[in-house]
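Residue numbers (the numbering used here), protein chains in the order written: chain A, 1 to 440; chain B, 1 to 318; chain C, 1 to 414; chain D, 1 to 253.
Keep in mind the hints are simulated off the structure, nothing from the lab. Glycine included, each C-beta is placed from N, C-alpha and C at the ideal position. A portion of the hints provided could be inaccurate.
As the list claims (entries may be wrong) - Just so you have them, the derived chain A footprint on chain D, three or more residues with Cβ under 8 Å:
no., segment
1, 103 to 111
2, 116 to 126
3, 223 to 232
Listed below, chain by chain, are the residues.
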Amino acid sequence: MTDEMTKDPKQQITTDPSKPSERMRAGSMTITLGPWIIAGIALMLMPFIFTSNSALTIMNQMWITVIFALAYNMLLGQGGMLSFGHAVYMGLGGFFCMHIMNYVEDYGVAFPLPLLPLFGGLFGMGFAMLIGSFSTSGAGTRFAMISLGVGELIAACSVIIVAFFGGEEGISGDRTYGLPFFGVEFLKQIEVYYLISFWLMLSAALMYLFSRTPVGRMANAVRDNPERAQFLGYSARWVRFYSFCASGFFCGIAGGLFAISYEILTEENLNAASSGVILLVTFLGGVGFFFGPIIGAIAFTLLQTVLSLQTELWSIYAGALFLATVMFFPGGLAGLLMMHVPAFKLGKMSGLVVPYFKTLIPAAIGVLGICALIEMTFHFRHGATGDNEMTLFWTTFDSHSVLPWIIAIAVAAIGIGIAKMTAPEMKEAWDEANTAGGTS
Amino acid sequence: MELILVNLIDGLVTGLLLFMLSAGLTLIFSMMGVLNFAHASFYMLGAYFAYSISLAIGFWMGLLIAPLIVGLAGAGVERYGLRRVHQYGHVPELIFTFGLALLIEEVVQFIWGKNQMPYSVPEVLNFTAFSIAGNSIPAYKIFMIFISISIFIGLLYILTKTRVGMIIQAALSYPRTVEALGHNVPLIFMGVFGVGTALAGVAGVIAGPVLGTFPGMAFVLGSIVFVTIVIGGLGSLWGALVASLLIGWITTFAKSYNIAMSDILNGIGIATPENMSDNPFRDLWTITSPQIADILPYILMVLILIFRPAGLFGKRES
Amino acid sequence: MKKITKLGAVSALSLIIGATAAFAEDIKIAFIDPLSGPFASTGTNGLHQFEHAVDFMVNDEGGLLDGQTMEVVGFDNKISPKESLIQLQVAIDQGIRYIVQGNSSGVANALTEAIDKHNRRNPDSRVLFLNYAAVDPALTNDKCNFWHFRFDANADIKMDALTDVIAADDSIEKVYIIGQDYSFGKAVSAAANKMLGEKAPEMEVVGDELHPIGKVKDFTPYARKVVASGADAVITGNWGADMLSLGKSIIENGFEGPIYTYYAAGSGMTAAFGEGGKDRIRLISQGSINPIGSDRARDAYNSFLERHPDGNIDQSRIYNTIGMLAEAIKEAGTADDVVAVANALENMEYDSMWGGKLFMRPQDHQLIQDMHIGVHTDEDIEFPYDSSTFGVKTESTIEMASMDSPTTCEMKRP
Amino acid sequence: MSAPALELKGLKKSFGKAEIIRGIDLSIGKAERHAIIGPNGAGKSTLFNLITARFPPTAGTVKLHGEDLAGLEPYQINRKGLSRSFQITNIFPKMSVFENVRCALLWAQGYKYSFWNLVSRSRQLNEGADAILEQINLLERRDLAAGLLSYAEQRALEIGITIAGGADVIMLDEPTAGMSHSETDYITDLILKVTAGKTLIMVEHDMGVVFGLADRISVLVYGEIIATNTPELVRADPKVQEAYLGAALEAEH
């Protein structure tokens, strides 16, 4: 397997920071700082919009996944290394933090909880150094398969080595025994939320800056063409090794935050399923852009946690979504957004609004119609006998009568039909919006 | 002594079953560069299709028809899915098969439900072929060995003696040259994918009754198939065979003989610590070989990748 | 672009939380168990039984208190502790005060600790944890707390009953113990060794081993060892696919004695064992299905079959859980004050429709009940499982099993 | 007297039974422009790969400024001041043109595996990259993805990357392969400009380029050097005429 990411020539230059050096020298960091400030303010304000504990819990989960996905993308997107066992680094960091937490509780050590993720990070990095010392000598299949093997090994150890991993029950602790941090004891979710948000901002900023350092730049070079990088004086292996360790560090931080948020670490933090999920999350968001994994993590958490409250069939939809993404938008959700940058720069976005409405809304309705059909089939086949009533989109009806089926089929057919009819128009508008000059 | 013979037979059955999956996968992987994560899902589809067919027209028709349906489904996936994704590169292809595996598992649950299927060995084969020191060898196992060996011979014949086989072999090593010679490479890809998945389907049909037909059956097999082809060497049919048998036998023997870590450690001169319950390594001391039998292949793979990256029989580095 | 995704998150989040504010009148029970993924079948079957139990025992009888109905809300935890904790938080925010869960002691362990912490930190929104199937003894020993009640017998109690039967069987001289390599499998093995040693010192344990959980493709090598050991009986705590594959493999490869199990019925397993398992598979359970415990239980089973013709009542304790909870709410006169309900549950004696008495032991919140050892057969079966002709027939009963068993629980009451 | 820039002694390479390089002795002085010519399959690219440790030699030694390169990795050789380009364009296609060149400058400017410096903050680095872009005439393409450049531009970039690190021994493998006449002239001028004062070793098929650029020429036939001399003398050498040059020169005119 080659280590190239995608062959799509249209793919944007990915994590390129190269503003003309002139502009940089003028010191106008505002352009790059803008999104960070907005993100920071958004993080601060979120708890005022969603005040419930469950919303806070879900957001905590999201931000932890964001850090993990960004760290994963340091390998996949920036370094061209495909790992099948990355949950291990996050999990081990978390387990280590949990042991520290328990040590603090048992021996009454004065230790401020907010520092805990740092130790998780160091432990994750330590383990990454160990594994990286032999796995980073190649990218491609070799690296991927070693990561798979190591991942399976550690996951298997987690049930065998009870002393460290606590068996299938895992190990748990209580975060509130640390030194009160300026009076905060982390009894409440909201306090934990701000702690996680702080670490999110810090880690995201550090990871972003890492990609702008010489070794971060060389990671891209090694991803694109490891041999050429060798003839520029850089050992591809060491460049990969540094990326790998850095990634392990931030994974460990995510693990530490997990320990604080859930106060329990189990085998699921290490297993292959978790490693697979982070690959999907990162890809869904888009590996080509720094912010891609952020979008992926948010979207996937909502899918997993929120959609699964609505329907048992959530994983069918999740699977279909992944297939659709990979088939039609290999750049992921971020790629989809960034496709609009040229049109935006040309000032022609307005020309797209109406065609988008005409095509995407019917398409969305059509898809919902298909979902309704799937849900109804499922209810018809697997629902309890006599329990013909089902509720879908806030409507309750009888799944064994004909009318709802006709409606659903009609909605699906009409929606998709209109979308198909108006699709050429949208394509035209798209081409027009991406052509310089002329009037729209 | 008799137990060794019995274990050899059992390991052979496991190994050959694994081979039917890895043979298809190694062809697909080395020709198209696709790490097909959904390969075991096609194995599952084989079992489910065969179960449904066997209810209607019997086991033997299931054995015949189910792999065909699975192969067609596989070819369809290549034609309408993978081929589109191929242009984006290998990681998207991999994600595609990943998503496909998820989707197939969900669809299987949607259609057949979440319970185990009562798919069982046909009556004709439901007897004990012979016994070795009280261990009965079911006739069905002999049947499984027979089927897998015939498939191996058939594959070997096609690959080495027929024109199509020659092209496939050439395409394994020099995909571009074959295309330059005017062969329809996309068609070959579709065919190889179809045949590879059909082989997985056969494995599913004959393994379903003994190993169980349930929605998690693909996941249980999961990545071990990759491990097999990496150990054997990518693109090598012989490598896949040897690695499959090796894994079959290693895991069978590791499970059959309780080799304890403490015995090994004592054997090399390390004394068992006195105070076991306080020892941080206590869990290491109590490990026995059956506990770790199923992760031995992963350890083997990591070692092989470190010391012989091309695999046992591989010609090129992965 | 970040703003756009966050807007999406905003709307989705308000959806779940907003959609649930209505209907606060019902007494809601959160069912947190796997409804998707590899363990979905047990989870879904459990949910069906809970939904039926609530209707049959409470709602069809006119509800509780002043006519309040009970409702079971399913939460899919994908058998992940992490997801369980998220779903727990969502359930609590929806105003749900009763949590039921059973699959995986790992999840139960995570939940009981999280609930203990939650109740300590948030006294206004305390919840009760009604554990209907997680059998790790630690949950009612070292890790017990006031909020956790177990309606299933724990692994030790079940083993106590099983070993009573095995010790009394003169044809068994050698036993083989095999289980999954995790806390429960180890607990089963430890308990079996200890209890057989006490009750039948002359009996020999010829094999005692653990295999990786959920990873073994082919059990033949293990079956060979069982046959080679010359064992007369096998004891296993396996469940799910591991149980079926192990059982089938042992039988196919020439073992001829009984196999004593915890979980070898229902979820397709009874049908899959079929003729091969007849008179061979024995399992321990509470509540007798064949013969059925009472006429009311027969009504219950039949009305369940009307709803789910392909379904089984394989966890009769679910009905006990609902029955006792309803009783406790009546006694406490409120469903909102969970401390009062918990106090009512403690020490409660209850007549189960499946036969026998139930007693909620106050020291550790472990339910004490009759244990039955049944056999997999197609004779005298009124209620078969999995739409097959096979079912479980009760062979022997141990009344109020392990009534006086010790516990290390030091219950802290609020 | 100082050691020659590059010195090969008894260099041999076999692939299986086939001996591709059959014992080469060659010494190239400082600031010399040396061309290696020969028929297809003579082993020119293999020779390059042996010198830069892309392949390990079967026998013989390679010395750079008198220092033996045996057992060194390509990146270590590069750090000693030897830089090469490739016959098949070998750039970083998904990075911008500017990034390509800037990466080539990193090691030379002493950044090593630094993760505490920000590349955008270093004036020396960015100005250096821009200066090289200016030299290779790609300044207005600086923010384009390198993979989107035209073929000639990619070749120019390849040379830019090769010289950026300031190596004093530059090896170019067929820099004008596959180019039109005007493009060839452009690249030839470029090479002259950027290798001023440096040792240049190039493999080239275009005799116009060779005779225009080289101080000395080596003729490689079947893995052996049959002549090394100034362009005029090589052109006149009957052995060379017979083995190779006659046909090549005819084709030229």
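Index of numbered hints that the structure contradicts, given in increasing order: Result: hint 3 breaks, nothing else.
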